[in-house]
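If you read the sequence shown in the numbering used here, its first letter stands for residue 24, the second for the next number, and so on.
Calculated directly from the structure, the hints in this document are not laboratory data. Predicted model only: the values in this text are computed from it and were never measured.
Simulated crosslink set (PhoX-like; lysine-lysine; CA at most 25 Å straight-line): (1) Lys172 with Lys237; (2) Lys206 with Lys247; (3) Lys172 with Lys192.
Label-pair ranges, simulated between beta-carbon atoms: (4) Lys172 with Trp225: 20 to 26 Å; (5) Arg308 with Asp219: 51 to 57 Å; (6) Gly249 with Gly171: 33 to 39 Å; (7) Arg170 with Ala305: 44 to 50 Å; (8) Arg156 with Phe223: 24 to 30 Å; (9) Asn84 with Asp219: 19 to 25 Å; (10) Asn84 with Asp107: 26 to 32 Å; (11) Lys237 with Ala305: 44 to 50 Å; (12) Glu150 with Trp225: 17 to 23 Å; (13) Arg222 with Asp107: 40 to 46 Å; (14) Gly146 with Ala286: 20 to 26 Å.
All residues carry an ideal CB built from backbone N, CA and C; glycine is no exception.
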Amino acid sequence: MARPLKNVEEVVVIGAGLAGLSAARHAARLGRLVTLFESSGLYGGLVATVGEVDDLPFPGNWSGQDLAMHLLEQAQKVGVRLVDAAVVRMDPGDRLSLVDGEGRTYAPEAVIVATGGALQRLGVPGEEEFAGRGVSRCATCDGGFYRGKHVAVIGGGDGAVHEAMSLSKMAGQVTMVCRSPMKARREHIDKLDARDNVRFVWDSEVTEIVGDGKVTGLALRNVKTGAASLLDCDGVFPFIGLERGSNFVVNDPRVFFAGEARAGFGGTGIEAMAEGVSAAEAAHRMLSAGK
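Work the whole structure out from these sequences, hints included.
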């Protein structure tokens, strides 16, 4: 049984990625009482793992972690309250009711769901077995362990290219394993292609991550010919796409979705921030109209 009602808030934001941080900050600047939930402790979400964020609407070079910390500090300055817990249930009714992972219950007037996305798994043997022992999803976190070594990055989107760029500054050799033509922006591909220690394996997918206590290589299959091969490497960084992180299916005018939690999201950082601000504006207008 959930504990009795506690902490009545005007706006609750679920998820502290770029969309959630932007939404919480903007709603608080509009004068709303805001509580921001983040269960992972990774403020900024996946952007916090990016070495450099492109296309920001303000000057300077920003790492993903620096950007996340800046937005978090700005949110705290305008009074956003942080709760390090997951929201495990949302019940619509005359008043919204939320329950967090500690059994605490909240009754906000509006909710912004900005739960972001999770990196897709390869779903191959060895992926779970070697997690933390050669399988990583954060170049800025773990790249230092591979100085002078050979790493493989799986994928061909912007996320994979960013990982490969970061790793190329530390690793001796970076191999991009691409199942299909790269989907990353041309300018990013060109920068990566110009690195002397980066090479590409095309038309190939991973069938197994192999090793003995730690990663020693990848079993590959050519998707056009079916030919099998083995790529020797010391580490593997899978970046094959994102899965929506929201488990909330709510059709309620008091609940707003932003960023990766929203179907049709474009996928860029600037869009996530803009959608967070837009969701905060929409929630504010709804609450103002009801008074």
